[in-house]
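A.B. asks: The listed protein sequences derive, respectively, from chains B and L. For the first sequence, our numbering assigns the number 442 to the initial residue and increments by one for each residue that follows. For the second sequence, our numbering assigns the number 18 to the initial residue and increments by one for each residue that follows.
Hints in this document: simulated from the structure, not taken from any laboratory. Keep in mind the model is a prediction, meaning the values are calculated, not measured. There may be inaccurate statements among the hints.
Now the in silico label distances, taken between C-beta atoms and shown as ranges [stated by the list, open to error]: (1) B:PHE487 to L:SER319: 26 to 36 Å; (2) B:ILE515 to L:GLU175: 43 to 53 Å; (3) B:LYS705 to L:ALA35: 46 to 56 Å; (4) L:THR117 to B:GLN473: 21 to 31 Å; (5) B:LYS626 to L:GLU145: 56 to 66 Å; (6) B:LYS587 to L:THR117: 55 to 65 Å; (7) L:LYS231 to B:VAL514: 19 to 29 Å; (8) L:ASP198 to B:GLY646: 46 to 56 Å; (9) B:GLN473 to L:THR238: 33 to 43 Å; (10) L:GLU110 to B:ILE515: 33 to 43 Å.
Facing chain L, a subset of chain B residues (Cβ under 8 Å, in silico) [stated by the list, open to error]: (11) LEU483; (12) TYR489; (13) GLY669; (14) GLY675.
With a straight-line cut-off of 20 Å between C-alpha atoms, the simulated PhoX-like cross-links for lysine-lysine are [claimed, not checked]: (15) B:LYS539 to B:LYS472; (16) B:LYS585 to B:LYS472; (17) L:LYS54 to B:LYS695; (18) L:LYS54 to L:LYS113; (19) B:LYS585 to B:LYS650; (20) L:LYS303 to B:LYS446; (21) L:LYS54 to B:LYS539.
Where is the CB? At the ideal position from N, CA and C, for every residue including glycine.
Now for the letters of each chain:
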Amino acid sequence: MVYQKDSQVLENIRLGEDCFKLIFSAPEIVKQSQAGNFVHILVNPFSYPLLRRAFSIHEVNRQKGSLEVVFKVIGTGTEHLSRKRRGDTVNLLGPLGKIFSYPDKKDISIMIAGGLGIVPVYFLTRDLLRKKHRGKIYFLYGAKEKEQLYCLLDTRRLPRKKVETLYSTDDGGYGLKGYLDALLKQVLEKEEKSKVKIYACGPEGLLAKLSHLAREENLFCELSLEVGMPCGMGTCMGCVVKYKPDCNSPVTFKRVCCEGPVFKAQEVILD
Amino acid sequence: MMVRATRHKNIDLAIEIAGVKFDNPVMVASGTFGYGKEYADLVDLNQIGAVISKTLTIVPRDGHPPLRTFETPSGMLNAIGLHNIGVDNFINEKMKFLRTKKTKVIANIAGSTIEEYVQVAEKLNSAEGLHMLEINISSPNVKRGCMEFGSRADLTYECVKAVKEVSRYPVMPKLSPNVTDIVEIALACQEAGADCISLINTLVGMAIDWKKKKPVLSNITGGLSGPAIKPVALAMVWKVYQKIKVPLIGVGGIMNTQDAVEFFMAGASAIQVGTVNYVDPQASVKIVEGLKKYCLENKIASMKELIGIAQQSPA
Chain B
442 MVYQKDSQVL
452 ENIRLGEDCF
462 KLIFSAPEIV
472 KQSQAGNFVH
482 ILVNPFSYPL
492 LRRAFSIHEV
502 NRQKGSLEVV
512 FKVIGTGTEH
522 LSRKRRGDTV
532 NLLGPLGKIF
542 SYPDKKDISI
552 MIAGGLGIVP
562 VYFLTRDLLR
572 KKHRGKIYFL
582 YGAKEKEQLY
592 CLLDTRRLPR
602 KKVETLYSTD
612 DGGYGLKGYL
622 DALLKQVLEK
632 EEKSKVKIYA
642 CGPEGLLAKL
652 SHLAREENLF
662 CELSLEVGMP
672 CGMGTCMGCV
682 VKYKPDCNSP
692 VTFKRVCCEG
702 PVFKAQEVIL
712 D
Chain L
18 MMVRATRHKN
28 IDLAIEIAGV
38 KFDNPVMVAS
48 GTFGYGKEYA
58 DLVDLNQIGA
68 VISKTLTIVP
78 RDGHPPLRTF
88 ETPSGMLNAI
98 GLHNIGVDNF
108 INEKMKFLRT
118 KKTKVIANIA
128 GSTIEEYVQV
138 AEKLNSAEGL
148 HMLEINISSP
158 NVKRGCMEFG
168 SRADLTYECV
178 KAVKEVSRYP
188 VMPKLSPNVT
198 DIVEIALACQ
208 EAGADCISLI
218 NTLVGMAIDW
228 KKKKPVLSNI
238 TGGLSGPAIK
248 PVALAMVWKV
258 YQKIKVPLIG
268 VGGIMNTQDA
278 VEFFMAGASA
288 IQVGTVNYVD
298 PQASVKIVEG
308 LKKYCLENKI
318 ASMKELIGIA
328 QQSPA
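Use the sequences and the hints to build the structure in full.
C.D. replies: If you want it as structure tokens, here you go:
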């Protein structure tokens, strides 16, 4: 079930110079939300900016019926959203999109969070913890520099006994100096590949690398993709990604909003 | 909560166009509402005058590579390239659901050749529960067919006539604004036997990525829609109404009741809402409610009173 609801802003928290966390009260949407889902937000009721903006859900509080989104100001839409204050009302559409395939207890989960790509994999991790998931979880979080690890407060709170959290920054200011794929390599060397389930979101370059890696090494890997979506409901056909489920299939197009945003890494072609 | 039409029950917005009795004059435009079911959680289809399908072609089409859409000031560009499930899948999979609803169903059709338009129309003759065909002679995003026909009066005539001859449904060609004289094209439609005419489709536009130094859309150009094009659409309805006898269905940038009323006043017998469905999926039902309220407040007994009323007292 998809809901369209005027939702009250409970809090707007600044996470960095141009990064914000908005917490909304949206009980119906929260009830149905699972990791990988997104909400389509009408940033204002006027005609400019016109279209909704899609945001993966970062975290939910099922008791309070609240959900969190995290975003950077990159244009007019996010600029408007960044100015929302407690008590403001914003129209939300959701939950939308396909979810991650949750691991089972024998699996070793590796979350790969590139920059703000942390959002959907953080939700997955938190949801697994809430469900008392017994399998091992790695959480690899990387960004250009420490200041852009916007959700550091969240990841530091992940229970160490259950989640092994590793960091990387391009400049070495926090965690390993280098990219997330280097961290992934370290983890893959330790673990049995057939038990590994990788869940990733982040910049296109990172996801393209993971897509190749998953294909070459035959790894289980799911990617959450980010593209502009006019409708979010599968009607406009505007948000497609190149899709090729195996080497014998022709390239077709899949809608990220409703046939994704979560895809098997092997099956999408990212340039 | 779905918007429910209960408050203004006594107002009847029903209108008959080309022998089809629509419960109200609000339709959802082709390409903005999928095949209807996609919005079923949010919109009560029983309350919309008509659902117009995504353009259907004789075989399924994959459309253009990404990027296909881009937001512009108060509008958006799209170059989808007629990505659709094909006419057979529409008849076999989508009509079953649509048939259960009170809304009228209009199939939008296209082809690369006039023969393909005819083939699609012939197949739809067997679709139970369909009420009308909208002929897409106006999409600017494919090399062959569509606007290729709709930008020339002679080819418009040929295409509309060919479809009209084989179809058991009334036909509604959808006109392109990307022409020198839209009245000439509308006249060709009328002569060819069109039962009504919808106008306008999108305006050709483009966007350039100034960082990447290249066009944003893979198709280079796309069709502009949304409130940005409303004045253009309104002017075209106004102009065509003066020369054409068949009913007009106004479309282009309608966001709310006021926009809709303006189109009726310019000469439209019904309206289509398109891009606004992405902004507010319930916009069509809200406009139906708004029209009832407008009629009640202004003592309008039938929508017919409004059609072309502004033409009687030009400024």
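A.B. asks: Against this structure, judge whether each hint is valid.
C.D. replies: Here's how the hints hold up against the structure:
1. B:PHE487 to L:SER319: 26 to 36 Å: Taking Cβ atoms as reference, PHE487 of chain B and SER319 of chain L lie about 33 Å apart, which means the hint holds.
2. B:ILE515 to L:GLU175: 43 to 53 Å: Check passed, 48 Å falls within 43 to 53 Å.
3. B:LYS705 to L:ALA35: 46 to 56 Å: 48 Å, holds
4. L:THR117 to B:GLN473: 21 to 31 Å: 24 Å, holds
5. B:LYS626 to L:GLU145: 56 to 66 Å: Roughly 59 Å apart at Cβ, these two residues keep to the hinted range, so it holds.
6. B:LYS587 to L:THR117: 55 to 65 Å: 57 Å, holds
7. L:LYS231 to B:VAL514: 19 to 29 Å: 25 Å, holds
8. L:ASP198 to B:GLY646: 46 to 56 Å: 50 Å, holds
9. B:GLN473 to L:THR238: 33 to 43 Å: Given a distance of about 39 Å, which is inside 33 to 43 Å, the answer is holds.
10. L:GLU110 to B:ILE515: 33 to 43 Å: The hint (33 to 43 Å, Cβ to Cβ) holds, given that GLU110 of chain L and ILE515 of chain B are roughly 39 Å apart.
11. LEU483: 7 Å, holds
12. TYR489: 5 Å, holds
13. GLY669: 7 Å, holds
14. GLY675: 5 Å, holds
15. B:LYS539 to B:LYS472: 16 Å, holds
16. B:LYS585 to B:LYS472: 35 Å, violated
17. L:LYS54 to B:LYS695: 18 Å, holds
18. L:LYS54 to L:LYS113: 10 Å, holds
19. B:LYS585 to B:LYS650: 17 Å, holds
20. L:LYS303 to B:LYS446: 15 Å, holds
21. L:LYS54 to B:LYS539: Status holds; Cα separation ~17 Å.
Consistency with the previously given hints fails for number 16 only.
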